[in-house]
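**Student:** Here are the chains, one letter per residue:
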Amino acid sequence: MSLVRGSSWVARVGLAGVFLFAGLIKVGEPARFATDIANYHLLPWSLGVGLAFYLPWLEITSALALFWRKATKGSAILIALSVTVFIVATILARVRGIDLSCGCFGHAGRNLSFAGHLALDFLLLGLALFLLWLPEPATDR
Amino acid sequence: MPQPLRAAFLVLMLALLPAAGEAIYFRQQVSWKQRPKADEVDVRTAQEWQALWLDARPGEDFQREHAPGAMPLNAENWDELLPDVLKAWTPGRKLIVYCSAQSCDASREVARRLREEAGLKDVFVLTGGWEAWKTEHR
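Residue numbers (our numbering), protein chains in the order written: chain B, 3 to 143; chain C, 40 to 177.
Honestly, the hints are just simulated from the structure, not real lab data.
It cannot be assumed that every hint is accurate.
[Said to hold, decoys possible] Some chain C residues close to chain B (C-beta under 10 angstroms, calculated; not the full set):
no. : residue
1   : Gln42
2   : Leu55
3   : Val69
Virtual Cβ for every residue (Gly too), placed ideally from N, Cα, C.
Looking at chain C on its own, in the form it has when it is part of the complex (with noise of 0.2 angstroms):
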């Protein structure tokens, strides 16, 4: 083979180091089966929008620790905390759902929710869920 075919395998063996490991840091995050829906947004983009972020986790989860401004919305304590929320949204402003991490579904039928029993419309699920909030703010 050819020095330069040689040095370009070798280059392309190289690459594929350190994207492993970023395979394996973001595994949460990305779904290698389907491509996220148009209602899912990743963390970067989320935080340039001035959105009112939902936290769908079970309430311990949220005293523990959640996004800065959240506020708790699960299915367990809908009915007491869905006044809040909309009391703290204003229209035009997007509403971001997250759980716990890619493999969660609460966030999923929080905003489900929210568009068909409380009408909103700009509701979006945060892609990776509060992990990869976490790995964005590390």
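Next comes chain B alone, as it looks inside the complex (with noise of 0.2 angstroms):
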């Protein structure tokens, strides 16, 4: 396995099994969702309850296309999309003085700090980056 084969196999796994966990962690619980996702006071709450129902099979779907060679570019744009909203959405909130819980692990992700959060979306981020930069042979397997 080449350096650019196993690269690519070790950041589908880390993208997938983060966005798994934070999709799988939230089904179910749409109305704590949706509560955290109010925190941001970003969205009408309507809105917010959409994005409830949506976003965590947005997150599994993801994380699953990841390692069907046709949609891994597609999925890694929208991981990249969706990570980089939530920053954006995290730091906007900070800046607001919201001090709130994110809500992207369920309970899990309640201890977690606004630093430790910002580290792991720029980390989630470059694995999807770093996805889309390489050579299509490369995540095709």
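Two chains, two frames, a set of hints: combine them into the complex.
**Tutor:** Structure representation (structure tokens):
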């Protein structure tokens, strides 16, 4: 296995693991996740409820699609976009003095600090961008 | 459209299917119109508390089935039922009131009366009511 293919595999497993966990832990808890989204004070409640139903499944689907060779880069695009949106929302909330739990990992993430969240997000963003940057054959297998 | 974007679009669409199913399944538990009030609590959080559970549904519904350890307290038999509730309650213990579903209002009314008439403070309404409880315990 070449270095490029090996690193592609590691990046996909890492991203998929985090996104699968993040999605599965929120599925079945729409009320709690909708409240977490509302705590950002960025969206109307009804839109937040819609996202509370949709985002966990998008995370799960994106995670699984990383291992479908035709969808790896498409999935990496979605993961990069969603992590970017989350980073911006988190920083905006912080700037406005809103002390919140992001809700990304349900109860499991409530003890993660602001800096810890951002560090994890930038790591995930880096992995997604790495997959996008890789030449096509490396993500084909 | 470039292939990665087509794939991304497909993933976006695929995620819609289970999300729509979940939205239908939980339709009674989550209000799309307004955020739960501060005194509402979801089933999982409520179960983490050592709270006293109160069933605000009609007596026959309570007799048929109710949350383990729950006590009946409804508007119809308020005067008869309240003394037993106050006897079972200890200071500092939270109270969780539920009625049949998200759309019912009996739990809010009981919670309001507990605060205003009985002077209790930590009174919460279960989001989604008994239906949410049952869904969680299927």
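**Student:** Now look at each hint and say whether the structure bears it out.
**Tutor:** Consistency of the hints with the structure:
no. : hint  : verdict
1   : Gln42 : 7 angstroms, holds
2   : Leu55 : 7 angstroms, holds
3   : Val69 : 5 angstroms, holds
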